[in-house]
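Q: Start from chain E and add chain R according to the hints.
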Amino acid sequence: MSDIELRLTQRWLALEHEAIWVLGLVGARFPDLADAARKELAAHRTTRDRLRAVVTSLGGRPVGTAAAYDVPDPRDAAAGRVLVQDVESRIAAACVRLVPETTEKARDRAVRGLRTAALAQVRWGAAPEPFPGLD
Amino acid sequence: MSSRRVVLVAAGGTAVALAGLFATDTFDDALRAVGAKPKHLPRPEDTSLMKAVVDDQQRVLAVARGTGNAPVVDLLSAQLEQLGAIPGSRTATGDLARSLRTAAGHRATDARAAISPEFAQVLASLAAGLAQAETLA
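Just so you know, the protein sequences line up as chains E and R, in that order. Heads up: the first sequence begins at 3 in my numbering, then just goes up one per residue. Heads up: the second sequence begins at -10 in my numbering, then just goes up one per residue.
Only chain E is shown next, with the shape it has when bound in the complex:
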């Protein structure tokens, strides 16, 4: 375990908090997206809880939720979808950063997290890309 692993896991955890906030916003604002947002929320809450445990096991204090996040106000459902795509894209990038820094178990977690975020991007309307998480 390393300080880098802890820092990158905290970054991923912070993004999970943001995803939960964004999905809550999008689900509440746009009825057509409510069901999809609810399903994704459950998955993100599970990941958040697991990452909190990981951070604690690494000797850190898990980052908490921000009161609000600096995201554009979604005017319609399409903009709401883009908001979710964006945060999933940043989660994918955080997972890619974590892949090389970690132990075998944590690398496995990062690889699975990357796949989950990449598939979520597509479910929310993003086009598939050759190398998700790498810009």
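Read the hints as simulated data drawn from the structure, not as lab findings. Among the clues, some could well be false.
Stated by the list, open to error - One side only, chain E facing chain R, incomplete, derived with CB under 10 Å:
1) Asp37
2) Arg40
3) Ala45
4) Glu103
5) Arg109
6) Arg114
7) Ala119
8) Ala120
9) Leu121
10) Arg125
11) Pro130
12) Pro132
13) Pro134
Remember, predicted model here, so these are calculated numbers, not experimental data. Ideal Cβ positions, reconstructed from N, Cα and C, are used throughout, including at glycine.
A: Frame of chain E; chain R shown alone:
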């Protein structure tokens, strides 16, 4: 985000061309012996893994061409090009969705086994890209 260009180059975008030319550890030791700082080169384990990855990617591309799925052909071709390989033109029959799913699983496993940190990143990202591609099949 991590820069794709930097990571791909570091991971050995040229690994295919370098295959068999260097036993990295030995080469590094020789450089150190003469007082030079070793430059990063693909490790032998990763070089052989890269060849296997490219071969498998070409196989899936042939299936995509055989099914006439242009979006998947484009995506797989882009992946190959960014890995430093030339996309093949052959066609094959097969279940494209299953081929993509299997390849994604193998690349995720490869990412766990890769020695070079950058190569592990590339393989993990490639696996995620193949999983996305399956949604087009």
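Q: Determine for every hint whether it applies to the structure shown.
A: Consistency of the hints with the structure:
1. Violation of the interface hint for Asp37/E is found here, the shortest Cβ-Cβ separation to chain R being roughly 19 Å, above the 10 Å cut-off.
2. With a least beta-carbon distance of about 21 Å to chain R, the hint placing Arg40/E at the interface is violated under the 10 Å criterion.
3. Among the interface hints, the one on Ala45/E is violated; its C-beta lies about 15 Å from the nearest C-beta in chain R, farther than the 10 Å criterion.
4. Using the Cβ-Cβ criterion of 10 Å, the hint placing Glu103/E at the interface with chain R is satisfied: the shortest such distance is roughly 7 Å.
5. Nearest Cβ of chain R to the Cβ of Arg109/E: about 6 Å, under the 10 Å cut. The hint holds.
6. The closest approach between the C-beta of Arg114/E and any C-beta of chain R is roughly 8 Å, which is under the 10 Å cut-off, so the hint is satisfied.
7. The criterion of a C-beta within 10 Å of any C-beta in chain R is met by Ala119/E, whose closest approach is roughly 8 Å, and the hint holds.
8. The restraint placing Ala120/E at the interface with chain R holds, with a minimum CB-CB distance near 4 Å, inside the 10 Å limit.
9. A hinted interface residue such as Leu121/E counts as satisfied when its beta carbon comes closer than 10 Å to some beta carbon of chain R; here the least separation is about 6 Å, so the hint holds.
10. A least Cβ separation of about 8 Å between Arg125/E and chain R falls short of the 10 Å threshold, and the interface hint therefore holds.
11. For the restraint placing Pro130/E at the interface with chain R, the shortest Cβ-Cβ distance is roughly 4 Å, inside the 10 Å limit, so the hint holds.
12. Annotation: interface hint on Pro132/E holds; nearest CB of chain R at approximately 4 Å, less than 10 Å.
13. For Pro134/E, the interface hint holds, the least distance from its beta-carbon to any beta-carbon of chain R being 4 Å, beneath 10 Å.
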